[in-house]
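Listed below, chain by chain, are the residues.
There are 2 protein chains.
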Amino acid sequence: MDTQMTMTAAAFEADFAYDRPALLARRNAKWRQYDPDVIPAFVADMDFRVAPAIQAAIRASVDAEDYGYPMRDGKKADRAVLEAFAHRMKGLYGWEAQADLSMAIADLVQATFASVMAFTQPGDGVIVQVPNYPPFRAAVNDTGRSFVPMPMKPEGDGYVFDLDQLAATMPPSTRMLILCNPQNPTGRVFSRAELQAVLAFAQKHDLLVLSDEIHSDLIYAGNTHLPFAALGPAAEARTITLNSATKSFNIPGLRTAVINFGTEALKARFERHFPARVVGSVNSLGIDATVAAWQDSSDWLCGLIAHLSAMRDHVYTRITRDIPMIRMKKPEATYLTWLDCSDLGLSGTAFDFFHTHARIGFSPGENFLPGAERLVRLNFATSRVIIDEMIDRMAEAVQRNTR
Amino acid sequence: MDTQMTMTAAAFEADFAYDRPALLARRNAKWRQYDPDVIPAFVADMDFRVAPAIQAAIRASVDAEDYGYPMRDGKKADRAVLEAFAHRMKGLYGWEAQADLSMAIADLVQATFASVMAFTQPGDGVIVQVPNYPPFRAAVNDTGRSFVPMPMKPEGDGYVFDLDQLAATMPPSTRMLILCNPQNPTGRVFSRAELQAVLAFAQKHDLLVLSDEIHSDLIYAGNTHLPFAALGPAAEARTITLNSATKSFNIPGLRTAVINFGTEALKARFERHFPARVVGSVNSLGIDATVAAWQDSSDWLCGLIAHLSAMRDHVYTRITRDIPMIRMKKPEATYLTWLDCSDLGLSGTAFDFFHTHARIGFSPGENFLPGAERLVRLNFATSRVIIDEMIDRMAEAVQRNTR
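Which chain is which? The protein sequence lines are A and B, in order. Read in order, the letters of the first sequence correspond to residues 1 to 403 in UniProt numbering. Read in order, the letters of the second sequence correspond to residues 1 to 403 in UniProt numbering.
Hint data in this document are derived by calculation from the structure and do not stem from the laboratory. Misleading hints may appear alongside valid ones.
A pair counts as met if it fits within one copy or between any two copies, since identical chains are not told apart.
Unchecked claim - With a straight-line Cα cutoff of 20 Å, these simulated DMTMM-like cross-link-like pairs (lysine to aspartate or glutamate) come out:
1. K267 / D206
2. K76 / D35
3. K329 / E155
4. K267 / D142
5. K330 / E271
6. K75 / D35
7. K329 / D162
8. K330 / D63
9. K329 / D343
With these hints in hand, go ahead and build the complete structure from the sequences.
Right, dumping it as structure tokens:
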């Protein structure tokens, strides 16, 4: 494992940020979804080269044409991901996330759907923080469960939730709480006290907690991530944890994630519905990339966070200065920010407004919360020059097209 | 798509077969499962470099660090695999395997487990040809279904099945027939007449047919593959077809396969149990590799089949000459052959005998059929020199250690 943690924001941007021509030449969804004149700022893909260790690990397998049934260190290869996950959780948080209680899985959407189906019945209530990552809503609604919203309310510099109100409004059939921490799209990193309150709530109402922690490597100074299961055995007994290197290390196409069960009993319950072999296998290049991300990419990650932190501050400074009618709170984590454009007096959706008048492709707010047509999610995982062009265009569009 | 179909066996072996030091340096399961002095001849992995078009496709993505949410030709990337599959089925067999009725899935084990769970109930009978690929047995037994054997009986130069006997012995709750065609491990390629008989049987007993056709690209001269669903609408109405480039093109670690439903109704039934998003996503490099395999690798495949055909004949010639007590029938497809060592008078299993006395790692016969301890499956997808060493060692072990 590398030990340098010294890369600056400027060095990261110089070494790893793609420029616009390079981005336009890429094949991924982010730069192909819209016309070439649109700046895409939607899907959680970053405009950066991957960590050198990831690229080296993939190249080593590709140079060897190593595409056979994979083994690593004498074991089935997916074990390497589970052990790397366990090692990382222990090192970062002191949490003993046992490899034996984990499974490799293609992605968190699959893991979420499978967990909802395995641990709840049709008709059961499933709590989801709103606004929310859209597949969480689909995992509840598409499987015939009852969507129970847990509002993240803007308050002060951030967003808060109200468990008393939730207790008063949730149906008695509620069985699961999907916790997204850090939360997408608000960027909240929940404090130990908040997580303890969620645990007490889950114990009181006998809820399982499905804790999506995919953004947990992207935490800004002043905030501390704590895996929900790391609260202790009482939490582990009711927690399924989801994580993956794909978001923080920019390898979503490689489809490699981990689902960890806090106890053997939870794993057994899951496997009664989804035997390991119906979950599918994870590909060898995704395994190699993930292990390299978690074990040998801390310098790149340090540089990434330095750059993203600077970009977060820059977006905040520019929006509050140049488009003060847009309400933004600084995210505590993630490269995503939730922009409230209600005060612009738009006649249509905020997404359409900026797509039409600024040629920017945000994520529409209504995808995260029905009725949130005046909000958008902005992805600032790009270079400063692209961010500046984006905000220039936004400001100009607002100036020209609103009263 | 390339049009040359001219590569000879010798040219293929010279260009694509790894030698033993190169194989020992690899990380895949085949060459790591046993001690280095053991010749592995078990898992369905080949000792050959992949087709140049596959390597080029992977390299193009890797050189571009193209690991984002993938799109190909303006669509979600997995659509490219489904369209390549449809195009290939149409071109090779005239079968309209619609992309809209297909899903990309990590592997055939997942697809088999999911299909058994989606289309049958616990306790239902599921017919499986025996000997069989071991995960088929697991997909039936591990999910609480009832395993209904359909024996492949040695007869003449090959193996035959008896549907009248099956009808007389199968339980009334039987709902599905898992057809493996070409059949692993016997190497049978079923004739149109045999498949028509299976269809009539399935219609009479109202069975769904889960048709695993993963070996269908590896057919030897004199045999013709026919997808079961290509028998026509009556077959399609009750057929789920599984295929993948991973076996024939030697990319199993890349975890990319296709499940095709013969009708919209079958797809809808499947999705009631397994919504698309609980099936998981397929990784972008596996997608690129599969499309390159199916669209641009016919010259390599032609050379592969020429070489494998020569090796099949060579193994047959040498075994019948040097170890005539081992009974072998020439496979009509696949690089696998099923060896009956019953006449050697072994005290233990054939696998153990050859592992101990010849240092060869076969697949144990009992993995394919309980009680078949005197049989092994041999994988001959390697170079002539390794095959000769394997058979030399087998012959010597038999001479020294049996009466």
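Now the hints, each set against the structure:
1. K267 / D206: Answer is within; shortest intra-copy Cα gap is 18 Å, inter-copy 36 Å.
2. K76 / D35: between (43 Å within a copy, 16 Å between copies)
3. K329 / E155: Result: close within a single copy only, 9 Å intra versus 76 Å inter.
4. K267 / D142: So K267 and D142 pass the 20 Å test across copies only (16 Å; inside, 23 Å).
5. K330 / E271: So K330 and E271 fail the 20 Å test inside a copy (40 Å) and across (40 Å) alike.
6. K75 / D35: between (46 Å within a copy, 14 Å between copies)
7. K329 / D162: Answer is within: at 19 Å inside a copy they meet the 20 Å cutoff, but 72 Å across does not.
8. K330 / D63: neither (43 Å within a copy, 35 Å between copies)
9. K329 / D343: Intra 15 Å, inter 79 Å, cutoff 20 Å: intra-copy only.
In this structure, the earlier hints numbered 5, 8 are contradicted, and the remaining ones agree with it.
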